[in-house]
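Peer 1: Chains V, B, D and R: place on chain P using the hints.
Going line by line, the protein sequences match chains P, V, B, D and R.
Each number in my numbering corresponds to the 1-based position in the first sequence with 47 added.
Each number in my numbering corresponds to the 1-based position in the second sequence with 47 added.
Each number in my numbering corresponds to the 1-based position in the third sequence with 47 added.
Each number in my numbering corresponds to the 1-based position in the fourth sequence with 47 added.
Each number in my numbering corresponds to the 1-based position in the fifth sequence with 47 added.
Check each hint, because a few of them may be wrong.
Identical copies carry no separate label here, and so any pair may be met within one copy or between two of them.
Derived BS3-like pairs (lysine-lysine); straight-line CA-CA distance at most 30 Å [to be verified]:
(1) Lys-163 - Lys-335
(2) Lys-212 - Lys-118
(3) Lys-86 - Lys-212
(4) Lys-147 - Lys-163
(5) Lys-207 - Lys-118
(6) Lys-212 - Lys-147
(7) Lys-398 - Lys-335
(8) Lys-398 - Lys-293
(9) Lys-163 - Lys-92
It should be emphasised that the hints constitute simulated quantities derived from the structure, not laboratory data.
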Amino acid sequence: MAGILVRKSKKTGLPPGTPVYVGDEEPLPAHIDEISYDKDEFREKVVDDVTEILDDLKSPDTTWVNVNGLKVSDIIEIGTAMGFHPLIQEDIVNTLQRPKVEEYPDHIFFVLKMIKYDEESEEIDVEQVSFILGDRYLVSFQERHGDCFNIIRQRIRENKGIIRKMGADYLAYSLIDMIVDGYFTVLEQIGDRIEEIEDELVINPQIDTLHDIYAMKRQMIGIRKSVWPLREVISRLDRIGSKQFKEGTSIYIRDVYDHTIQVIDAIETYRDLLSGMLDIYLSSISNKMNQIMQLLTIIGTIFIPLTFLAGIYGMNFQYMPELGWRNAYPALWGIMIIITGLMVVYFRRRKWL
Amino acid sequence: MAGILVRKSKKTGLPPGTPVYVGDEEPLPAHIDEISYDKDEFREKVVDDVTEILDDLKSPDTTWVNVNGLKVSDIIEIGTAMGFHPLIQEDIVNTLQRPKVEEYPDHIFFVLKMIKYDEESEEIDVEQVSFILGDRYLVSFQERHGDCFNIIRQRIRENKGIIRKMGADYLAYSLIDMIVDGYFTVLEQIGDRIEEIEDELVINPQIDTLHDIYAMKRQMIGIRKSVWPLREVISRLDRIGSKQFKEGTSIYIRDVYDHTIQVIDAIETYRDLLSGMLDIYLSSISNKMNQIMQLLTIIGTIFIPLTFLAGIYGMNFQYMPELGWRNAYPALWGIMIIITGLMVVYFRRRKWL
Amino acid sequence: MAGILVRKSKKTGLPPGTPVYVGDEEPLPAHIDEISYDKDEFREKVVDDVTEILDDLKSPDTTWVNVNGLKVSDIIEIGTAMGFHPLIQEDIVNTLQRPKVEEYPDHIFFVLKMIKYDEESEEIDVEQVSFILGDRYLVSFQERHGDCFNIIRQRIRENKGIIRKMGADYLAYSLIDMIVDGYFTVLEQIGDRIEEIEDELVINPQIDTLHDIYAMKRQMIGIRKSVWPLREVISRLDRIGSKQFKEGTSIYIRDVYDHTIQVIDAIETYRDLLSGMLDIYLSSISNKMNQIMQLLTIIGTIFIPLTFLAGIYGMNFQYMPELGWRNAYPALWGIMIIITGLMVVYFRRRKWL
Amino acid sequence: MAGILVRKSKKTGLPPGTPVYVGDEEPLPAHIDEISYDKDEFREKVVDDVTEILDDLKSPDTTWVNVNGLKVSDIIEIGTAMGFHPLIQEDIVNTLQRPKVEEYPDHIFFVLKMIKYDEESEEIDVEQVSFILGDRYLVSFQERHGDCFNIIRQRIRENKGIIRKMGADYLAYSLIDMIVDGYFTVLEQIGDRIEEIEDELVINPQIDTLHDIYAMKRQMIGIRKSVWPLREVISRLDRIGSKQFKEGTSIYIRDVYDHTIQVIDAIETYRDLLSGMLDIYLSSISNKMNQIMQLLTIIGTIFIPLTFLAGIYGMNFQYMPELGWRNAYPALWGIMIIITGLMVVYFRRRKWL
Amino acid sequence: MAGILVRKSKKTGLPPGTPVYVGDEEPLPAHIDEISYDKDEFREKVVDDVTEILDDLKSPDTTWVNVNGLKVSDIIEIGTAMGFHPLIQEDIVNTLQRPKVEEYPDHIFFVLKMIKYDEESEEIDVEQVSFILGDRYLVSFQERHGDCFNIIRQRIRENKGIIRKMGADYLAYSLIDMIVDGYFTVLEQIGDRIEEIEDELVINPQIDTLHDIYAMKRQMIGIRKSVWPLREVISRLDRIGSKQFKEGTSIYIRDVYDHTIQVIDAIETYRDLLSGMLDIYLSSISNKMNQIMQLLTIIGTIFIPLTFLAGIYGMNFQYMPELGWRNAYPALWGIMIIITGLMVVYFRRRKWL
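Isolated chain P, as found in the complex:
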């Protein structure tokens, strides 16, 4: 599962501020698109020449530059053109970054994790998204060409909600809100899986159930690693907000903060449930074995004396008076039935049967 184990050896020993991509696959070349808008109009374009961007940022409109693909050389080019600190460039490309926020004189830089549940592999897919928020612009960086931000783009185009009336800070909020909503979607799917496992536990617990529980636990650890720092990031965004975040946006940031708390709540709840399920699993398994043992005990214990008696009268002593008795054989059957009856009664009394 991506994001749980540490993979960073490629970086060791390089001077700080050297951007190195650390993911498993080759990073895609950067594809840049740009939307500028104000209350009344909006412009959309694909950027080929990085230098254009700088001019656009100077316009009084709100400008959103979105970069898909983190090919190192491209990111350096963009970062240098726009005058971002080398450490920012390094952080954008280092996709094992922990969510964090950093203030620079002219802009705020923050890194978040976007998660998606991959139905096929039944694993959580984590993608890093970095943002640079200036006074009137927002630059966002994604690992892959995805369309999860399209909904926001659509809202801008169609002037839905208040997004066109607000500035870059509200745009940043909208994207964060989008990402946090993604957590709920994943948690909902995990919640469904948990309910399935709960049902399995009651009906027919098996060793696979245990591996499922462990896998869920591992996923919760992975999500938690993304969400806990997210909470700090959003809370810090609210506190440092005065400059980049205007008064009116603050209430929205607090709203998304509340959602983050809800996500954390849900994660803790799921962890509690999973550890409770583990107890149930272990007990159910041992209970199942118990029932089997009990049956063996009872069958074994009933037959042991009977077999012993049969053994006695299978002996070849010359002088065994019972052997010659006329009704000895049916009498022995009678005795055996009585012994069996007494034992059954005894076991019933002790509630073993």
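Peer 2: Below, chains V, B, D and R alone, put in the same frame as chain P:
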């Protein structure tokens, strides 16, 4: 069980401030009733036209507007008529909200959870209640038509206690107190259930007992999720109180805060008890199996050598001198009885019998 | 066990400030006695008419009014006569109160829990004691007629220690100290019980031992519920002390605070010990079963092949050459002894015997 | 083990400030010796008359008065002569005190715990040491006549290190450092014991190993109880240091504080190791039983069908054709060997053998 | 494993500020090399005479003095020559130091732990590195002659990155960054080992797997002990930075702080995974035994009644009518097959087969 698992997908991707009902059932249309009162008189009416309310709120009396049913269009209508922020409208309708409090210039908005123990399904029923507290008015929103606030209404009508002498803040306090009292009722029922399970544990622990313990644990997790934030909410209400909460009400708020702490205490206590009960359950079960095993061991161990001896004298060798001895058979019985006796003594000594 | 489970339903729905007794038994009618003293003299009397008290409180002496029995109507009468807030009256009578402290303009109100170990029922007996501390007076309320405060009364009468030289704040301290000392007595008895159980664990662990451990754990939870808030109460008494608590008493309050910390320390230690004992118990039990299993294994494993051999030569085939051999029978005995010997050696080597 | 369980009943009900010795053995009569020194010279003497001390304290030298033995009447005499608050006298004698520090106008009073590992009883021996630190003097109280402070005395006599150049605060630091060093010695011995147990666990885990682990755990609880408050004490000594602790000593206090943190670290590490060892123990034991069970299973399962076959041909039916067949007997042996072989192959395949 | 257990007895009783080496092996004699550089040039030399260093430190260049080997007398010589406080000398040599930072008027002293995974012994190798950072110089002390700082040296020589443009504070940061990168390398190797164990768990869990899990846990404890204080150290370096750490370096320090948090995150994640793996291990083992037990049960339970029947007809009674019946023998076989069939069906139904 309501309130444990995350169900929020309906909302994903909508612009913030868009009210969406997220519960399982269709929300009911809003039914509005209104009570106005001061020291000397009170007026009660059902509101059909939302615009009337605004006029009533301007009167110097204390006005309590109660809305039952969260049909989205109705809530938007009411919220817009009274000038509440779109995020408030969204929060009222989003019944998976976490208890929280938010200050606005003219009023405080807070969300609580009301819980009820449903005897039939043996589950906790969680209902969201939202409040908007202004200087002289209180607006409350409930999911369902219930009568749990009737006691307060009755107190106003009959001028019982000091409620008519105090303002909207005291009314808010009375309703919060009502809700917190509901927690005690539920905890009491759970406490009874815990005592029943404790008795079961001593007398006859079974796999069902385990499932009961897990179900209780799940319920505690659910209640806890409602109560922990409740504590913060009430504590913040006390701290920000200066404006909406008058001096004299503050002591009552602290009192209800103490009750919340008691609820949390009880929940933690129950969790401790439940985890202790799990240990007891597991041990009792293994102890039960132990007793059975021990009996088998002893019966088995006693008969094994006897059966072996019987087998020996069942052999068909031509030259087995014992077979011809006159008293061999009774002698063998004697030896068997002695062996059995020695083994019983040995097991007694080792305290296995 | 008193004090663990929530019992509060009688109160639900009543207006706040309505005193209701919530204990199991009928509360006793209030019995009031009063001691006034200064450096030089002291007066003691039983109060029949509540109105007398007020006059006594005005005298420059230190006055201690002690009320035994919490019959609701009596408490209301006393509380109203002395001008205490309705919430105080409610809290005095509500014996499921959590220890707490509340400041009022003229006095401090605080509630503590007094515990006693009931040897017969082997349970902890919790009694609520409430105090109202004014400038020169202290009013205390107890549930039952007990004599645990007699020692203090005796000290006042005999002018032992510095109590007569100090004011009402020192008197309050003396009573708190008395109550905290009671915790030590209970903890000592529990400590003895823990040592007994530890011995049982080593010598002969049984299912009863487990139930004892659980009972102790339950008791620790109960005591903890009383002591944790006690710590906050005493720490707050120290902090708010400036008015009611004079400079010279503060050092005594800190001393009793240290004792409370010691009690909490002891409780945490006992909890640690108890959970360690649970591990020991479970392991001992499983070890015991282990020994039994091992013996069975060995006896069983030794006899299985012997019995098989006996079965072989009990077969009735017409052509079994061994049956006719002269020394077959003693030879078989020899083989059986050798097999047994080899198995014993093998088990010894593997340290199973 | 001393120091774990609460033993305080002797004190219950006594007026505060009444010194009572609470240890198990009779306290020794106080033996007082005194060292005065400055940069250039030092004087040493045994004090018989308590009143002498006061004069010595007035000299400009640094004076260290050490009292061995806590006989109550002696401590009262000394305490009264030197004008210490009754609560200090009580705390010195109450050897179940928690480490703490208290500021008085003229001096600081602090209580520490000195620990020693008693090789014979394999238990931790805890001794209380109290200090009163004035501007130019230090008074220390120990329970027993020991020589652990002799090293310091020697350093003063021989003018080793900087001790003679510094004041009473540095002397206090030296003694604290001595005591904290004692913790390391004990922890080292416990560390050795832990390594021994780890080895036992791998080679041959037994029920005794479990009791050892529990005993170690108990000891860690005991040490922890002494060390955690020690940390607070030293940290407070540093913070309040301005008056009694001079600028230059502060760095030493911080150094000893670092050591205390190291001790706490080690304790937590040991606790972690011990709980890990418990898991290993339980698994090893169950693994051992597992191997035994497995062998039994296989031997049993192999012989069960063989014995059944032998039983079949031991039956006495008149018409059993096989009995008369010429090669039936060797054929049966062949069949039995084949069955055995197949079962062995099957078990091998499933990795059970 | 180095660094887990306390080894400090050599120091007990020595005056504070006495440097004593506490490691297992004899410390190496100190080897000193020195690099001075500014933007334009750099000088490198091996120092033989300690007194030279002082002159070099006075030059306006940035000077890095690196000492390999902690032979006590050498460290005292160096420390005294450069005027470091005796406690610093003690701390450098005491390799069981906890990471810490201390401010002195002219320089900051801090101690870190460098870790390396020793492939052969499969253990973590911990080495202490101490730094003294002045305005224009940095002195570093290592236990062994290693070349892990060579990368930095190379960067200085080749003027790679911005290191030559920055001062001693950036140099210190570069070394800290190097050390923290080392943690990632170790964690990556441990991560690989964890994945291996996870695979083992699924395929064929064995008692060795358990010992591996315990060993990993022990290693995590060891690393954690080094990293937790490291975090405080770096955070304090950032806060106290104003003097030694220039404005521009602060952002780098925060970056390395983020990395430390990532390390801590990874450690906590690994701990969670390991404890989850322990659960899996225990369950898998018990599940394995379960399968074996189940098979035994079924084989045993099937043969027990059959063997009993064979025993019955092996009895030697003179009057057993069945024995004479013509088809009794094949009929009995039929009955036995039917019994077996019924039992198999029954077990299948209960899902035991």
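Peer 1: Now tell me, hint by hint, if it's right for this structure.
Peer 2: Against the structure, the hints:
no.	hint	in the structure
1	Lys-163 - Lys-335	neither (37 Å within a copy, 36 Å between copies)
2	Lys-212 - Lys-118	between (34 Å within a copy, 28 Å between copies)
3	Lys-86 - Lys-212	within (5 Å within a copy, 47 Å between copies)
4	Lys-147 - Lys-163	both (20 Å within a copy, 28 Å between copies)
5	Lys-207 - Lys-118	between (34 Å within a copy, 22 Å between copies)
6	Lys-212 - Lys-147	both (28 Å within a copy, 28 Å between copies)
7	Lys-398 - Lys-335	both (17 Å within a copy, 10 Å between copies)
8	Lys-398 - Lys-293	neither (72 Å within a copy, 65 Å between copies)
9	Lys-163 - Lys-92	within (28 Å within a copy, 51 Å between copies)
Hints 1, 8 from the list above are not met by this structure, while the remaining hints are.
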